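Colleague: Read off the chains here:
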Amino acid sequence: MAFFRPAHAGSATLLLSRDRFVAAQTLVAAYYAVLFFFAAGELFSWRDYLSSGGLAPRWPVFWLRFVDPKAGIAAILWLHLLGGILAVTLSRYRWARIVIFVSLLEHMALKFSFGAVNHGDHLGVLIGFVLIFLPAGWGARGEAGRKVRAATLLVFSGAQAMILLTYSMAGMWKAGGVLQQWIMGESFTYLHPAGLARQVAAKMIEDDSASVLGPWLVEHPWIGWLPGIAAIYLELFALWVVARPSLHRAWGLGLALLHLGTHLVMGIGFPQNTLWLALFLVLSPFRPSEPSWRQAAGDLPVLGAWLRR
Amino acid sequence: MAEGLGREYNQIMRASALRRLRWQLACLILVYFFAGAASQKLVPGVDEIIPFFGWSLFSKVPNEESRYTLLVHRHEAEILEPPVSFLHAPDTIVTGNRYVGRKVIQRLGRAVERGETARVGDLRRLVEESYLSGRVRYELVFERYDPVRKWKTGANFEQRSLGQFTSGEGL
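Chains as they are written, first to last, in this note's numbering: chain A, 1 to 309; chain B, 1 to 171.
Extracted from the complex, chain B is given alone in its bound form (with noise of 0.2 Å):
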């Protein structure tokens, strides 16, 4: 029976549809395999092009790390002392998802650093306009740290100020 089964399937495999589609289905594997990789990867300035990725998801333990935190240091007439940092200020203050406008916030300290004038204006209009309500006074700083030294005693190698912002001014 087996026999006849095995028959039976060289015979259906022949079939080209079938080993047409097998090859499809195997070249669709191979082209999202290289086509992700390079998506995350090898095209310069780009963040990723949706649906492909290259899954590099924390790829790599951190010896030492780095971010950029924004700080809210005025609201309205509100002056909020101390300064409340973008993921723990309130409703009020801050809107939409505040874990896809961190990462915003991310890029915004990179264009900041490295004098991306243009890019600073886009980055600073996606971040006031999505992310923050209202007329916002507020602070970029960058920290560096080992992580469990930060986690445990809240130090920092480094930290430093990129500046301060108000909302819709200056762009």
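Extracted from the complex, chain A is given alone in its bound form (with noise of 0.2 Å):
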């Protein structure tokens, strides 16, 4: 299981689990070729890349100061096409696994050298890193020894906490900040009915226009007030949900419902987050082979001791 004490007992079966390790595998698998898939649709991009100019350099890049740029450029580009390349063939060895990672790095730096970031492309990189550490043999069809299939799922369980552990600190900032605001007697915060229609409201002014249900939520602000509170609960919470495969496949989803709804409301996308808590949280290999609503009530974080009473 997790790396955190599991809630229930059954460590064993699910890190010894052939089954768990085939769907473990295959998902791995599909986060490799979607890598390539990515690499491939970056081509369109490669053309205002090498013609670009005002280049910022982040810090992974920061040796395009010493080069000449289009030269550097380019050799960033093509490392992430081979990259994309190395990613569905040879992503079962750990030195090509690197040298992946080292790509998508360098490909987001270059992409956000050009003044500000934004953090839809994090994740992939993030859960890249956590990769490497896959075992030998992770990706060898038949049988693989007890070894090779603990650690492949201890890993596959890291990629999650990962993922999970971000949504956390996002949602931590949310908690705090309802707090701070609250003491500095504030009369607008998440708590209140009409917050997330303020915030809706304001990101719609800051992008000179609407998104598709914002100015719908601004004129009934009260419809958002029960959705806004239970999205940092979702964000606040992710982590607790590595050890509790009960609620994977629940929180998997309801953190990408959550991208979808931002995006209908404040016009924010994070189409590759959807993806990524697709295939490692709502196809978890860990979720139980028969879901169980009360295991799962009863594991939810802070309502699930109120539920098992």
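None of these hints come from the bench; they were simulated from the model.
Keep in mind that the hints are not guaranteed to be accurate.
Heads up, simulated DMTMM-like pairs for lysine to aspartate or glutamate below, C-alpha to C-alpha not over 20 Å straight-line [claimed, not checked]: (1) B:K103 x B:E139; (2) A:K70 x A:D48; (3) B:K150 x B:E65; (4) A:K70 x B:E129; (5) B:K150 x A:E219; (6) B:K152 x A:E219; (7) B:K150 x A:D208.
Everything numeric in this text was worked out from a predicted model, so none of it was measured.
Dock the two chains into a complex; use the hints.
Modeller: Laid out in structure tokens, this is it:
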């Protein structure tokens, strides 16, 4: 199971399971296949990168300051493409996974070296780093020894933890923000019925354009009240879910729906994140073979203790 | 059977390699948590240190909001009346990712207000070379507002100009 103590007995069953190991193999292979797809898709942007100016290199590409920028950018683009090809052919080797990670990091750094950073690409890079820790033999077809199975599933759980950590951090700042604003006596926080609607209005003004459902929500602010609080609950307690496989599917779906919701009301899209949530949480190899709503309810953070009574 | 599986599990988890792997992964999570939080919140003058990030996004509800806007007054010989905002200017005037450009404009506005001459020069070059096409006369404007009121009526609590600039001049 995860590196945290499991909420229920059964670590052995989960980490040594051949079926779950094969499922994890497939999902990791899918991750690498997606990287190949992304690299191929990026070819459409090569011309723009190669003709760009005003470069302000981020730290991973600091070396661009010391070389011909056009040649350096070309090197990064070719490395990214190579990384995509390695991802779908040689990811069973640790050296290849390291090159893949470096290619992702360099490409992301280049992308954000034109003034500002967007955060839709971070998870893919972080997952790539965690997967470097996969053991030799993780991708072999046929029988894998128990240590390979256990190590592979442990690393998969590590990837889940990295994904969920980012959401818990987001939730932590929001919960802290509510507390800070309440202490400072500000009228509107996320606990206020109009809190989410105000955030949506501010974003639409910032973008100088209306989102699909934003104007409707601003006119009917109370509709966003409970979903806004639920979103903070989902984010804040995300990391709790790593050691509770009964919640993997629900939390993965919940967080993915959160992204769909924020896209519709705030115009902020995180499509890559929904993909990683689907692969690593919704399709989690640790989820129970037969879902038990009772167990899932009992595993809910904070609410579970109350529901178990 | 469960007992046998448990013994097998305990045996393999005692194996130093797997124990080490578990600790490595746990440390990785801890390192990212602290480095990410520090990257966004604690390092002065640093935007962020990718791929580390604190993930503080829309953490507080704005009771009052402010922003810097770039208004285009002239492009080459063409005078734009009324001036057009950066986000709504045509592709012949604004190039690149406008939403990334908007973030750079916020940094430029803050630098102008603080009188950071060198930084203003750098950010103006970034805006003009990466996001504006041709010779553009533009104005930086500061606005302060209630988000819902401004969305519904367009009204600001405060609006002031930070000056007009022309691409490539005064750098």
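Colleague: Looking back at the numbered hints, which does the structure fail to meet, lowest number first?
Modeller: none
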